[in-house]
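Peer 1: Chain by chain, the residues run as shown.
Protein chains: 4
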Amino acid sequence: MPQTLLKISCPDRVGLLSRLTSFIAYHGGNLLEVNQFTDAIGKWFFARLAIDSQSLALDLPALKKAFTPLASDLEARWTLRESKQKVRVVILVSKLDHCLVDLLWRWRSGELPIEIPLVVSNHEDLRPVVEREGLKFVCVPVTPETKEAAFAQMEALFCEAEADLLVLARYMQILPAEFCKAWHGKVINIHHSFLPSFAGANPYKRAYARGVKLIGATCHYATAELDAGPIIDQEVIRVEHFHTPDDLLRLGRDCERMALSRGVRYHVEDRVLINGNRSVVFRD
Amino acid sequence: MPQTLLKISCPDRVGLLSRLTSFIAYHGGNLLEVNQFTDAIGKWFFARLAIDSQSLALDLPALKKAFTPLASDLEARWTLRESKQKVRVVILVSKLDHCLVDLLWRWRSGELPIEIPLVVSNHEDLRPVVEREGLKFVCVPVTPETKEAAFAQMEALFCEAEADLLVLARYMQILPAEFCKAWHGKVINIHHSFLPSFAGANPYKRAYARGVKLIGATCHYATAELDAGPIIDQEVIRVEHFHTPDDLLRLGRDCERMALSRGVRYHVEDRVLINGNRSVVFRD
Amino acid sequence: MPQTLLKISCPDRVGLLSRLTSFIAYHGGNLLEVNQFTDAIGKWFFARLAIDSQSLALDLPALKKAFTPLASDLEARWTLRESKQKVRVVILVSKLDHCLVDLLWRWRSGELPIEIPLVVSNHEDLRPVVEREGLKFVCVPVTPETKEAAFAQMEALFCEAEADLLVLARYMQILPAEFCKAWHGKVINIHHSFLPSFAGANPYKRAYARGVKLIGATCHYATAELDAGPIIDQEVIRVEHFHTPDDLLRLGRDCERMALSRGVRYHVEDRVLINGNRSVVFRD
Amino acid sequence: MPQTLLKISCPDRVGLLSRLTSFIAYHGGNLLEVNQFTDAIGKWFFARLAIDSQSLALDLPALKKAFTPLASDLEARWTLRESKQKVRVVILVSKLDHCLVDLLWRWRSGELPIEIPLVVSNHEDLRPVVEREGLKFVCVPVTPETKEAAFAQMEALFCEAEADLLVLARYMQILPAEFCKAWHGKVINIHHSFLPSFAGANPYKRAYARGVKLIGATCHYATAELDAGPIIDQEVIRVEHFHTPDDLLRLGRDCERMALSRGVRYHVEDRVLINGNRSVVFRD
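So the protein lines, in turn, are chains H, S, U and P.
Residue numbering for the first sequence follows numbering that gives the first Met the number 0, starting at 0 and increasing by one per position.
Residue numbering for the second sequence follows numbering that gives the first Met the number 0, starting at 0 and increasing by one per position.
Residue numbering for the third sequence follows numbering that gives the first Met the number 0, starting at 0 and increasing by one per position.
Residue numbering for the fourth sequence follows numbering that gives the first Met the number 0, starting at 0 and increasing by one per position.
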């Protein structure tokens, strides 16, 4: 069933949900799913409304136009889009394939409602895995000297691909701060630790050294500060004294795949709203 | 902050949430928390609205009266109550104390917003544990011959105690079918297995014999059919080949305490709505 | 490091581990990993000893010969093999690809130390997924009328492929009882429920109807009785009232992949010993 | 069944387990449970052997004497004790009662095989909870000025109580470094975060601010460096955007109780061996 998705956040005030649902009802919209959250501490309102597209009296442009004065009055940040228009996701990888392969399978099987116009890597290794799916693969090497140029080239590629979202599927390069700012809320990273533990390099080695009894992975929005952006999802698994650092790598891969795929899913279904450095996730 | 809680379920139709929130807004109510679920398969609507009591222009009786025509029009099943009026919970136990002790601690610490006017048991064993908390304990022995009379006596006790909810905290007696019907939706049981596996007697022994790798506990509403009522919550824990049946008992106790205390909490905060033999649980 | 793996089970008696470890020490073997379990209820002893192959004074055939008298004295069931000799796994599938794709990825990445001489299916659908990995795919259709002949044909294929293990990766056919007997302990199945709940057909639909709050998957050895063989591993995930039967399918797929891949891993590393209808799993 | 427990760690070498099990067998000992782990990275050997006390030809002092030369030859750190001699645990608390109440219940029910000669607190609040169990409660106030004297007084109390283990059940004082050194491996703390995240003060507030999607608790040995000692066990629970800092406190309490009680159980059953800043835990 085609859905029209309204995602909105604004300062909290009395009667908000009533005004939103009345607006939808006024235009004939049948609500299929409503998620709402009021952050009593931050005094902010967040909502996601899924509307049966066929029940609406207006088409999307008209609906947007009709909604603009209300949104403006509410000082809201909002999006309205149709679910049939799939989110365009560009995946960035280095040499490790587990997250990529998992995303590709979820895309191919229809579990992830996305389009993948492009996969970019700083290495050639994963070209075959991508191209055998009929997808475009571009290798953009990155060295300390060429980093700026490389990111400029990549940004051009992302724009050309009309990317709505970038997914760093174990892409082992730190993004330039400017880039993070420009793509705020549009870059999802998977970090291979249970953040904020072990931010930065070699988290599994450090988890082993610390002797933790659970390891994890964190799916979060990339920001200029490394591994410090809003967290979307996390996954953990128990480990024991007999697990070597290599075992942690192995066990962690499954955590990474689970956390990343869920995080991407939530994002592309408009279920994530950023709340400062926290996130509201209306799970499904 | 004192809250007024509206719990409602009714046949689904267009504009429901709009009508409900508009009603609240009309009476000045500030919504603190809204949970809503539309069962697209069963075509049924479920909602829980927590309203800032102090923002309402009407007191509870007046609000109920004002809401009645709307509810009637919606063919709704509903309750409206004030959170400051704590739910009165009568606990039933036999000889095992782990669930009881846990509930008593959560009550005493204020984690569970309930009153406990009475604890009933078919044995004397747990009297000291109850009475040292300053609570009333009544022993009503049950034998096959006296079962009918015993339950009649207990029902009188429950009514006298003005019980809103009965919690079977490992009460090892099967309730009479008539009793279950009369108290439908008002009796919560903890079963020491991951239902529907191992309904009935000796679930840990049977779990051991079957060689399962996870055991669990199930918190559910009691119905005439044994261990078959709507499930509110479940908890599981991994077990291994080296765990004996006694170990399963030990590990299971923690599952039971967790599932039961959560289930009771959800119920007494009006977060559970029965949906046929399923349940809607608006978790917090 | 090449390992020689001794897997052994026998009636319990005093001094067992001493005799086994002394035997290994006598032949110069350096123990890398020792797992031992005594089933005090069943009075049975289970062990797995991983020996540094290079430290052994004897080659494998000679070691086997030297061990035979001791094993015979202990009335033991045992295997001795070298880890570098990878287990040969034939995978059986129908139309669903998620378990197959996951196993193929774990094989290709080296996480699963197996060889896959053959994939068999009763449908043509997954041929491309298999053949693009350079693996052999054979389609053996099965109808009620041809079932006997089909399984005879498959058994010939398995023997030709020198299969050590069959993995039913959502192979939707019930195996003939004779077949189960002949391949006892050599057929691993993934069932898409948390057994013993929902054995048989349509477990997700039935889980939805029952309103459980956790769903799962079970990896077990196939026996003549459907979904009743020794369990190797299980995985569960929380579900809520808003999850439809389709959501359960989606969430369950991840449980299935995790439980199956772990179960296969444990088996091919000689970490599973069958104990009646239970299993001893020396996890890593 | 009374058990004699051998706990041992020493540099790894060939034939270790054979020598240990032969020693036990030589003295008629029937092994009930054997756990062994070789740290291939640290080149260290760890084992726990549970022996049927009644099968041994020697009494404990004689067995210790007989074992001493072997242990000396192995450069081992070891203990031999009888399980019937319960570990004496002194519990330290401040004002929060959830961990204390849980430990007391597990002690009273026999789940934790310990004696509790004393509970010490820097506040009077929990005296009734302790004394109603018939246990001794001593209040030793601690201020920055009196800290040294207070700890001297407490240490005298611990010695008088013949304490084998101190359990900090949310005791909100930082231990003096000297004290930590003197009691190395004999002080178990519960920290209310998933370490190494949020070491130090106010972990739940900081977890909320960071927006993590799982919170946890860590049971570890106290060392001079705050919250940095060897971890014994950890527990986590999922949280969502709608959970306030108060909700985290509530949910965290259950994590704390689970992790602490398991950690204490493992320790008093001689299942924990310290391996540098890591720990070997032979779970049951």
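Keep in mind that the hints were calculated from the coordinates and are not lab data.
Treat the hints with caution; some may be incorrect.
Given that identical chains are not distinguished, each listed pair holds provided it fits within a single copy or across any two copies.
When the alpha-carbon atoms are kept at most 27 Å apart in a straight line, the in silico DSS-like pairs for lysine-lysine are as follows [unchecked claim]:
# : residue 1 : residue 2
1 : Lys64     : Lys146
2 : Lys42     : Lys204
3 : Lys42     : Lys185
4 : Lys85     : Lys180
5 : Lys146    : Lys85
Peer 1: Run every hint past the structure and note whether it holds.
Peer 2: Consistency of the hints with the structure:
1. In this homomeric assembly, Lys64 and Lys146 never come within 27 Å of each other (Cα to Cα): the closest approach is 42 Å inside a single copy and 62 Å across copies.
2. Taking CA atoms no more than 27 Å apart as the test, Lys42 paired with Lys204 passes between copies only; the shortest distance there is 18 Å, against 41 Å inside one copy.
3. Taking the closest pair of Cα atoms, Lys42 and Lys185 come within 27 Å of each other only inside a single copy of the chain (25 Å); across copies the shortest separation is 36 Å, beyond that limit.
4. In the homo-oligomer, the alpha carbons of Lys85 and Lys180 lie at most 27 Å apart inside one protomer (24 Å), although the nearest pairing across protomers, at 49 Å, exceeds that limit.
5. For a Cα distance limit of 27 Å, the shortest separation of Lys146 from Lys85 qualifies neither inside one copy, at 31 Å, nor across copies, at 43 Å.
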